[in-house]
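Residue numbers (this note's numbering), protein chains in the order written: chain A, 21 to 334; chain B, 5 to 288.
Source of the hints: derived by calculation from the structure; they are not laboratory data.
Hints may contain errors.
[Unchecked claim] Straight line, CA to CA, 25 Å or less: simulated SDA-like cross-link-like pairs of lysine to any residue: (1) B/43 - A/155; (2) A/87 - B/20; (3) A/87 - B/61; (4) A/87 - B/279; (5) A/87 - B/284; (6) A/211 - B/43; (7) A/211 - A/184; (8) A/211 - A/331; (9) A/211 - A/272.
[What the hints assert, rightly or not] Cβ pair distances, simulated, as ranges: (10) A/78 - B/20: 44 to 50 Å; (11) A/78 - B/187: 23 to 29 Å; (12) B/55 - A/170: 45 to 51 Å; (13) A/123 - B/12: 14 to 20 Å; (14) B/284 - A/172: 32 to 38 Å; (15) A/323 - B/9: 24 to 30 Å; (16) A/233 - B/55: 57 to 63 Å; (17) B/55 - A/176: 53 to 59 Å; (18) A/125 - B/283: 53 to 59 Å; (19) B/6 - A/174: 40 to 46 Å.
[Unchecked claim] Short derived list, chain A residues pointing at chain B, Cβ under 8 Å: (20) 174; (21) 315; (22) 320.
Positions of the beta carbon are idealized from the N, C-alpha and C atoms, including for glycine.
Take a look at the letters that make up each chain.
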Amino acid sequence: MAVAEQAALPRPAARPPDSFRNWTTVVSLVAPLLLVAIVLVVGSNALPAIRHFGAGFLTGRAWNPVKEQFGALPFIYGTVVTSFLALAMALPVGAGVAIFLAEPSAARVRGVIGVGVELLAAIPSVVYGIWGLYVLAPFLLIHFTRPLSEHLGSIAVFAGPARQTNFLIAAIVLAVMVLPTLSSISRDVIKAVPGGMREASVALGATWWETTWRVVLPAARAGIFGATILALGRALGETIAVTMVIGNRPDIPTSLLAPAYTLASVIANEFTEATGSLYPAALIELGLVLVLVTLTVNILALLLVRSVSREARA
Amino acid sequence: MTLNRRRQLANLLARGAMWLTAGIALLPLSLVLIYTVAKGLPAVTHIEFFTNVERPVGIPGSGIAHAFVGTVIMVGLASLMAIPVGVVSGIQLVEYGEGRVGDAVRLACDVMVGIPSIAIGLFVYALLVAPFHTFSGLSASVALAVLMLPVVVRTTEAAVALVPDALREAGLALGLARWRVALQLILPAAVPGVVTGALLAVARAAGETAPLLFTAFGNRFLSTNPAKPLAALPLIVYHDALTPYPELVQTAWGAALILIVLTLVVNVASRVALRRQIRLAAKI
């Protein structure tokens, strides 16, 4: 009956062309086009180095611009070690803060603490750098790294002599910088866990902690993992603060107390001084590696976080 | 009974641990703030710090006026490029962004936020510095605009989406064209959110160092010509902090203090404004 009535209605006239829709759509394509352009331009400028060194570039250990020896391994190693070390430090704190912030009670206190944590993301990288270099580094050297290398120097990762600028301090600064990413996304994910699950757990007699540990966290696991990967992406690409505290030496040290180098910081340090054609191209290829890795990591993390929030909504 | 007590104890310990992690998380914020204020204050209490340009080491009265001017010019130009494009894209995402194209734009923006700023510096260097054989403030503002764009798009989208659908429906029911509804009805209602989003992007751009290294390059003299190298506050912090001269390190701390005050004020103010808009939207 209703169907028949609808069918009897006259068909609406063809819509006039929506020029507003067309031009706003064109404008909105600027962002995706820029993204493609970044990959293409950086990639094409790295071509001379890609052609010259081939796949050996990624596994080369030597970095000697004077002899035109360019190997990316020390920088890849430094980037990976600092980032994962930073995550290892930031994850427990970030997850704890997220659990803390997702609780409904004492909303005002939690609100203030939440804003405080998010403000960490607002502080410019270079301010972390100067703080790390002039405040944290001397403090850690006297009270932490030097005693560490003196007492535990026989363990390879703490082998001395301790330097003021090293892997460990770069990782600590990075951990602080990725903390807001980690905790604010994890908090949203934890909040998205259906209340019925908590209620069921509490109704069975579980304490708050048992509910959190055995019910809420397992349900939020995939989202927290996504937040961690997103934080990893931030850590991999962080430049200035790391450049100021890592010591800038293209080595592959086993000790965390030795100076090292990362992909981003070698570009920051050497690009304006790079002469010839091969040297800048090699640095741009390092940049290409960085872009491709962070792109992959970010897309993975975003898909993960999105699928989790879609599940929670469904 | 003992099992129960153990469970209660574990619960208590876990609660304490959560408070502890919150404390640990706030520790670096307070330490960075305290030290930047303490070390930067001696520099910024001289009026010459704001009125003079850099002077050779050893000559007193050095200032950062040139960096301030450079940062304002570059961030201003970047805003002129990024904010209109970003706001229009954000509106498009709300009005027509249901389909594949909208999803692609959203994903591109979210991914772009994660691209290392140093790589954006390389991109702009290859595009706008190498072909012209000179570093320039303009190329730096393009790099900053690339950084700002995704932030503006996503915050605009969020702010516009907060405007109640009833407003849009009322406009369409009165026979207004879609563009009129979007630009004259929805956008004005979302202005506080859009402005705070843009301000957040501006604050972020003002503090960026890495994309300026090989675009703006830095300049020791006062210059307002965006076709030539320009000085910037973050570049001053970066370069001066790494010198062995105490006077320059002092200047670096002063510039860092200005940067941190700038970004924190914008961030806190925008949070307050945003909360007000969300409350307003809830009332409607």
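Structure-based check of all given hints:
| no. | hint | verdict |
| --- | --- | --- |
| 1 | B/43 - A/155 | holds, 10 Å |
| 2 | A/87 - B/20 | violated, 57 Å |
| 3 | A/87 - B/61 | violated, 35 Å |
| 4 | A/87 - B/279 | violated, 58 Å |
| 5 | A/87 - B/284 | violated, 65 Å |
| 6 | A/211 - B/43 | violated, 40 Å |
| 7 | A/211 - A/184 | violated, 41 Å |
| 8 | A/211 - A/331 | holds, 13 Å |
| 9 | A/211 - A/272 | violated, 42 Å |
| 10 | A/78 - B/20: 44 to 50 Å | holds, 47 Å |
| 11 | A/78 - B/187: 23 to 29 Å | violated, 50 Å |
| 12 | B/55 - A/170: 45 to 51 Å | holds, 50 Å |
| 13 | A/123 - B/12: 14 to 20 Å | holds, 18 Å |
| 14 | B/284 - A/172: 32 to 38 Å | violated, 58 Å |
| 15 | A/323 - B/9: 24 to 30 Å | violated, 45 Å |
| 16 | A/233 - B/55: 57 to 63 Å | holds, 59 Å |
| 17 | B/55 - A/176: 53 to 59 Å | holds, 54 Å |
| 18 | A/125 - B/283: 53 to 59 Å | violated, 21 Å |
| 19 | B/6 - A/174: 40 to 46 Å | holds, 43 Å |
| 20 | 174 | violated, 30 Å |
| 21 | 315 | holds, 6 Å |
| 22 | 320 | violated, 11 Å |
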